[in-house]
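Once you've looked at the hints, dock chain B against the given chain A.
One letter stands for each residue in the lines below.
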Amino acid sequence: MVAEPADSVSVSGVSVPDVPVFDVAGLTKVHGRERRVANDDLTLSIARGEIFGILGDNGAGKTTLVRQMAGLIAPTSGELRFMGTPVEEAERELTTQVGYMPQSAFALNNLTVSEAIFFTARFRGLSRRAARGEVARLLSQWAIEPLANRVAKQLSGGQRRLLQLAVTMAGSPPVLILDEPTNDLDPVNRKRVWHLLTAANQDGATIIFVTHDAVEAEKVVHRVAIMRQGRIVALGRPLDLKQEIGHRFRLELIGTPGDPPAPLARVHCTEVEPGRWLAILDKADVGEIMTNLDMQKFDDVRLSSSTLEDLYLHYATT
Amino acid sequence: MRPHNSVQHPAAQLADLILVQLSNWRWAWPQLVLTGLVAPLASMLALSTVSGGANRSLNEHILVGMLMFALLFQNQNQVAGNFSFMKANGTLEFFAAQPVSRVLLAIATVGAFFLLSLPALLVIVVVGALVLGVGLSLSPWLLVVVPLCVVSAAGIGALIGSLTNTMEESGAASLVVTFLMTGCGPVLIPADRLPAAINAIGVLNPATYAASALRASLTGTVGSRLPVDLAVLALFAAGVLLLLVKRMPWRMRR
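Each protein sequence line maps, in turn, to chains A and B.
Reminder that position 181 of the first sequence reads as 181 in this note's numbering, one-by-one numbering, no gaps.
Reminder that position 148 of the second sequence reads as 148 in this note's numbering, one-by-one numbering, no gaps.
Note that these hints are calculated values from the structure, not bench results.
We treat Cβ as the ideally placed atom computed from N, Cα and C, and that holds for glycine.
Take these hints with a grain of salt, some might be off.
Listed next, with one range per pair, are the computed distances between beta-carbon atoms [what the hints assert, rightly or not]:
{"id": "1", "chain 1": "A", "residue 1": "86", "chain 2": "B", "residue 2": "195", "range": "54 to 62 angstroms"}
{"id": "2", "chain 1": "A", "residue 1": "231", "chain 2": "B", "residue 2": "169", "range": "31 to 39 angstroms"}
{"id": "3", "chain 1": "B", "residue 1": "29", "chain 2": "A", "residue 2": "86", "range": "39 to 47 angstroms"}
If we strip away everything but chain B, and leave its shape as in the complex, we get:
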C-alpha cells in the first residue's frame, strides 16, 4: 500500500477530465457534428428562399440565428443529455467518489463540448455566408464571444441534465428552452420585424445578447453595444456555472 493523501494537480485533472469526456464521444462525434449541422443548415436554406437575398440585416440575422440554433442543439441539448446520462449510469457518482473537483468536471464537460461543436459552427458560418451572401469580416472579439456563447449554452444544458430526473425529461426540457431562446427576442429575426412584446421579453433572453455579439464580431460591426453583450454573457455564464456546481448531484446527498 502506498501512502494516500495525494490529489492530482487541478490543471492535470482538468486536462484528464476533458480527455475522458472527449473519449466518451469519440464513437459518436460524426453523428454529433451531423445533428449540429443538419437542422441549422436545412432551416437556413429554407429561410434564404424566403428572404430572397435582398435584405442584408435579415440575412445576417438568419446566419447568426442558425449559429445560435447549432449552439443550442449541439451544446445545450447534448450537454443536457450527457449530464442526464452520467446521472443515470452512475458516472457522476463515480466521479464524486474520487478525489475529483465537481467544478473542474463541469468546466471539462462544457469545454469538451465546445471543442466538439467547433467543426459544425465553422461549416455553418462558411456555408451560411455563401448561401445568404453575407460578407464576413471576422473580428478578434470572436475569440471571446464564441467561448462565452458556448459556455452559456452548455451551462444551461448541464443544469437541465442535472435537475431533471430522466433522459426523456431532460430532452424535452432542453428542446423547449431551445425554441424559447431562439424565438423570444431578436435572435433569428431583426428587432424591427418583431412585435414589441417579443422585443421586451428578448431583453431577458441571454440568446439576444449572444446573437448580437456574434453578429457584430462576424460582420465587423463592433460598436458600443458589444461590451454590454459581453458583460451580460459573462455574468450569465458565470451564474449558470455557479448554479450548476451548487445543484449537481454530488456527495452527501440527502
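Chain A with its partners taken away, still in its complex shape:
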C-alpha cells in the first residue's frame, strides 16, 4: 500500500491536496448601482466530504454566496478559494469538479429528460456510451424513468426539480452545490433527495446546499451556517449550536391563527405558519407555561428538545 503524502488525501484512488474545498475570508458582495450589500464580510471553510447546510430567511444572501462559490458572479472584496486556488483562477477546476444546481429549473427546458442528462454528462467529459449509462443510472436513481422521453418544459415543478438534481449529479462531480434542492417536492421525494445526497456523500462527495427545510436538513447535515441580512450569525455543528443557546425545549402549538397564546406572551414565540406557533423555552419556564396553557384552545400541543429549525428561528429572527 502506498502512503498518501502528509498533506494529501485519497479520493477514489486519486491523491488530492488536503485543503478545504472552499475557503472564504471576509467575503463581501455588493449588488448593482444601488450598492445593496448581499454578503457582508463572510468567513467560513468547508472541508472535503462535508455536508454543509446554509440556512436563512429570504434575502439573507444564501444564493449570492453559492453563486460566488460556483464562480458565476465575482466577489466585490474578500477571498474565496476553491481547493486552495482563488475562484477567479479556478475556472477549469470549478467547472469540472462542481455540480451546481440553481434555484430556477428552466435551463434545459426544450430537451427531453434523457437528453438533458445525456448532454450534461457529455459536457463533463463522458464518452457517448458512458453518458448513456449515466442516463440509465440517474433515471433509475431518481425514479424518473417514465419521464425519460418527456420534454422538460412539460414536467410539473417537482418533476423538473428531480430532473435538475439528476442533471447536476450527471458524471458524479465530487462537489455539489444545491440551491433549494427540495423546493416543489412532495414528502416522498424530499426523503429521496436527502437519502441520495447522503449516499453521494458516503461515496466521497462534498455537498453544500441552501434550504429553508431545517427540519429535514437536520437529518443529514454535518455543519450549518445560518445567515441573516447578508451575515453569518451562526456557524457550526447543530449540536454545538444548540448547546450555545442553552438547554432549551421547543413548544409547538397548532390552533387558530391570531395573537400569541397568552402564557407565551413573555417568551419569544413565532407563528411559523398560520395557526402554527413555535416557542423556544428555557427549562425553568416549561412547568409554569404548560400549567397555564389552556389545552382546549389547541388542536395539537408538542413539547420536545430543540431542533435545527429552532436554531434557525433563534438566530435568523432574533
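Leaving out everything else, chain B in the frame of chain A:
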C-alpha cells in the same frame, strides 16, 4: 466518484452544442421556416408587380434583397430571441457552470441557425427566380458567401440578445436593425435609383456587401468586387463573433 479533470474534445463539444441547439428547435422549426418565408415571399410578390418584370437589375436586387430579408428575419431575429431566451431562462448560466467553451457555444448557436435557415433560403431563391424571371447561374463562391452572410446576421442577433435586458427589448432592437440594414444601401434597390446619401451610408452597411456578393454568386456575374465583398464580410463576421464572446454574460460577472 470518478477522477475529475476531464474536458470534452472541442470538436465533440461543438457537435453536441449544435445538437442541443437543434433539439431546442425541433418543436418549432416549421414555424421558424414559415416566418422566414412569409415576409420575404409576400414582399417579393408585391415588388414583382411594381417592377413589372422589365428591369433585370431591379429584379436581381429584389431577389437578393428578399434573401437578405430572410437572413435577417430568420437568423438575426431568431438568434437574438434565442440568446435573450437563454439569458432569461438560465441556460447561459447553465452552460457557464459546465466545462463548456463560450466560443464554441456562440459558434454552435450560429451554426444551428444556419442549418435551420437553409430550407427557407432555398425556397426563396427558387420561387424568386421563377416569379421575377431572374436567370440563375450559381457560382461555387456561394459556398463561401452564404455562410459568411449567415454568420454575420446571426452574430449581430446574438450580440443584440446578449446586450439587451429583456426579450421584448431584444425583439425591438433586432427589428430596427433589420430595417436599417435592408434600407440603408443598395440591398433591395439598385444604387442608381437611390439618393447619394443612402449610397454613402450603404458603404458602412455590411448588408450592402452581403447583397452584392450574393447577387454576383447567384447570377454568375463574379467580378473584381467579390473579393472586396468577401473580405469585408469575413472581417465583419469575425469582429461580431469576437465582440459576442467578449460581451456574452458568462462567469465571474460583476
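Hints, one by one, checked against the model:
1. The beta-carbon spacing between residue 86 of chain A and residue 195 of chain B, approximately 58 angstroms, falls within the hinted interval of 54 to 62 angstroms.
2. For the pair residue 231 of chain A and residue 169 of chain B, the beta carbons lie near 36 angstroms from each other, so the given range of 31 to 39 angstroms is met.
3. Between residue 29 of chain B and residue 86 of chain A, the C-beta spacing of about 44 angstroms keeps the proposed range 39 to 47 angstroms intact.
In summary, this structure violates none of the numbered hints.
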